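Following the hints, put chain F in place on chain C, whose structure we already have.
Residue numbers (this note's numbering), protein chains in the order written: chain C, 1186 to 1460; chain F, 3 to 272.
What the hints contain is simulated information worked out from the structure, not anything from laboratory work. None of these values were measured; they are calculated from a predicted model. Don't be surprised by glycine CBs; every beta carbon is placed ideally from N, CA and C. It is possible that part of the hints are untrue.
[What the hints assert, rightly or not] Simulated restraints on C-beta separations:
#1 Y1327(C) - G111(F): 30 to 36 Å
#2 G1361(C) - R23(F): 32 to 38 Å
#3 G1220(C) - T16(F): 37 to 43 Å
#4 M1445(C) - R23(F): 46 to 52 Å
[Claimed, not checked] Some, not all, of what chain C presents toward chain F, calculated at C-beta under 8 Å:
#5 R1270
#6 Y1273
#7 P1295
#8 H1299
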Amino acid sequence: MQSRDGEAVLSVKNLTKRFGSKLVLDNISLTIEKGKTTVVIGPSGCGKTVLIKHLIVLLRPNSGEVYFKDRRIDNLREDELNGIRTHYGFLFQGGALFDSLSVAENIIFPIRQHYTISSWKEVEELVKAKLAMVGLDGYQNYYPANLSGGQRKRVALARAIAMNPEIILYDEPTTGLDPIRSDVINELILKLQRELKVTTIVVTHDMTSAYKIANRIIMLHNGKIAADGDADHIRNHPHPVVQQFINGQVGDDDLAVLRMSGTISQAQFLPRDFE
Amino acid sequence: MLAALGARAMVDVTNAGRFGRFVWGAIVASIRSSTRPGTYPLVWTQMLIIGVRSVPVIMITGAFVGMSLAVQAYDQLAGIGLEEHLGVLINISVVKELGPVLAAVMLAGRVGGALTAELGTMNVTEQIDAVRSMGTDPVRYLVAPRVLACLLLTPFLIIYADLMGVVGGAVVSFSQLGINSTAYWSFSASGVELWDVAVGVVKGFFFGASIAVISCYKGFTCREGAHGVGLACTEAFVLSFISILALDFALAVIFKGIYNTFWPFKSLIA
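Chain C extracted, bound-state conformation (with noise of 0.2 Å):
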């Protein structure tokens, strides 16, 4: 269970999973190391979001096996698991706010879950306190819907954050933010990792991202681990899928694809298809 030199807090043993008869994680292994950041990227469907639910148990691998702290938690009953993910934050692509609750309601949603509050004043102040750690001391009482998508964000990992976990996951964070938006959450995950001294994975597309955060890379590529180093092994890796990834380049497949249905009566109807 032990790699290199980090204590293990998460690890997944030959993961396989399938979605119907595609195959999306192929006999996957990794360890992640406690209290460092490691970033996972890939092309989009590639399962890297997949993967990262599987260290939560979101979804059940179909064989191989999740241990938390050495302990074997993909075979727990959804009961057994509700104990052991308080000590994980999530924070879903689209921040999975509930919008009928209203910013500081979500935030006291998983406290209310698992303790009976017996001072609400105590509650108020840590609500205020996991709001100003992300910079949104004061919304409180807005709704989702009356945020922006960066503010939706920052709210939902107040809310990961809630119950001080020790591992928080991150979704694809910087999607669909504009560049100084994305920074601000890339500094938010290196503060609550300096902060909370929590083990951070974070699932992303965005190399800016990932070369700003990440102790450790791992690339997935159709299924399989194509690389695994930091980021100095990633930029110099000699793969051409990895290369092609990080620089984001269209593969010679791909623009031969593109190229070939440049003439436009392939792709169309004539009259006579319809007779």
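Below, chain F without anything else, positioned relative to chain C:
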């Protein structure tokens, strides 16, 4: 061809199994919620949305059922000189069959559609996953309050539908068809028993539970996108409607059996 058929059957059996597990989970969660006062606020909210706000539309449904029955049945009964028995016919039909079934269908449309759309959107925007990721059982938090609210309030809504059906039928009979009100009520009172009313109301528990469970299930298993949510709503309504009719038939047979065991002889015309 055979392979496709087999694959289709596999999918259907898997879905049936999933639905069965969901229903079981919903039942367990609902029973647990009903013993925990902490979850009552969630149930009150759903009762307001599901029950209280449905009252007007249910009353309108009931009233029109009674009124139409009066208009339609009058000619047949008048033809054989039994128009004063119109009350028995209207009121039996309303409290035993049409009131409960049409109220339930109305609820399937009004409440079931809204439940599926709400939970479906939550599913698509990962809010249900978010509930799970924070260590809460979404069936307990989202499904149980809705099932309890539907289960407990559908019988009351049926009583409203019955009441308005009786009133609507009577109003049309007296004002339009000129039936003597004393005779109308006395025949009705001797023809309609407490049993008939009770049968209709008890059906409400079954209708309410099936509407809530089916709609929540369809919401939870909704596919992505606007099309997915729309499809889930349609399927939820169609399935709820069919299950209401099927349950109605099954319950009619069962209640008739029970009735005949206890009261073997009953003449139709008092």
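Okay, the hints, checked on the actual structure:
no.	hint	in the structure
1	Y1327(C) - G111(F): 30 to 36 Å	33 Å, holds
2	G1361(C) - R23(F): 32 to 38 Å	35 Å, holds
3	G1220(C) - T16(F): 37 to 43 Å	42 Å, holds
4	M1445(C) - R23(F): 46 to 52 Å	48 Å, holds
5	R1270	4 Å, holds
6	Y1273	7 Å, holds
7	P1295	4 Å, holds
8	H1299	6 Å, holds
Comparing the model with each numbered hint stated earlier shows that all of them hold.
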